[in-house]
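Visitor: 6 is the number that the working numbering gives to position 6 of the first sequence; each next residue is one higher, with no gaps.
Hints listed in this document are in silico derivations from the structure and should not be mistaken for laboratory results.
From the three backbone atoms N, C-alpha and C, an ideal C-beta is built for every residue, glycine too.
Please note that the accuracy of each hint is not assured.
To be verified - If you anchor each label on the Cβ, the simulated ranges turn out as follows:
id, residue 1, residue 2, range
1, R163, P46, 29 to 39 Å
2, L197, A111, 36 to 46 Å
3, R165, E95, 31 to 41 Å
4, L197, R163, 36 to 46 Å
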Amino acid sequence: MFELELFSNASARPSLPTGVTRLEGFALEWQDALLAALTQVIAAAPLRHMLTPGGQRMSVAMTNCGALGWITDRRGYRYAALDPRSGEPWPALPEVIRKLAAAAGLAAGYASFEPDACLINCYAPGARMSLHQDRDEQDFGAPIVSVSLGLPATFLIGGLTRRERPLRLPLAHGDVVVWGGPARLAYHGVAPVVDGLHPKLGRQRINLTLRRAGALKLNGN
DNA sequence: AAGTACCA
DNA sequence: AAAG
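Generate the whole structure from the sequences, applying the supplied hints.
Guide: Here you go:
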C-alpha cells in the first residue's frame, strides 16, 4: 500500500507542457542514413566552438546545414546563409533530415513543417546549454524539432519566463522533441552531458535542431 | 546533483 | 547577447 503508492508515484510520467511532444525512439529507423549524412555535412562545415556576444566560448561545438545556419559571435546571435569560417553556403539540408523533420512535425500535429535551418550541436561529456529561447527566427508559427543522437542527456524545458522551473526530460538516442504553438518560445536547455560510451557515436551527444528560420511561405508547401 | 546568487 |  504505502510502497505501492511510492512505486506508482515514481513511475508516473510527468505530463509535458502544452505544445511539447516527445517522440521516443522516433529517429531510430533513420539513424544510419542520418549518421552518414551528418558525416558529410561535418566534413564540409566542421564543428566549431562559437563565441557568445559576451566573448565566452560555448561548450557545445556547432555547425549547420540548410539554407540558413544559426551562428553567434561578438556581434550577436543571428542566422546566416554563409558559413563564416569558409565564406561558402552551408551544406544543403540532406534529404533524410528533411524527411525526418516532416515526419516528426506531422506526428506532433504540424501538417507541413519544412525547415530551412538545421543546427547541429555536438556535446562532449560535460558540455551543456543553459536555458534560452529560440527567438532569432522570422516567424514563430513553425515548431522546433529536436533530434537526439548518441549519449543520453537531460533536456530542460520550462515556460515563457525564466522564473518558471523547467521540467527535466531524459532524452536517449533516437528521441525527438517537438515544441510549438504556446510552447514555441519556451525556455529550454540541456544539463551537462554525463560521460559514457555510445555504441554508434562514442563519447558524444549530437543534437539536430530543425527550424524554419526565414519567412514562411504564404501558401504552404 | 541541483538550486541560487551574481556577474556588467 | 546570459545559447556564458
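Visitor: Using the Cβ atoms, figure out if L197 sits within 36 to 46 Å of A111.
Guide: Holds - the Cβ-Cβ distance for L197 and A111, about 39 Å, lies within 36 to 46 Å.
Visitor: Can the suggested window of 31 to 41 Å be confirmed for the beta-carbon pair R165 and E95?
Guide: holds (39 Å)
Visitor: Is the gap between the beta carbons of L197 and R163 within 36 to 46 Å?
Guide: holds (37 Å)
Visitor: Between R163 and P46, does the C-beta distance stay in 29 to 39 Å?
Guide: Distance hint for R163, P46 holds at roughly 38 Å.
Comparing the model with each numbered hint stated earlier shows that all of them hold.
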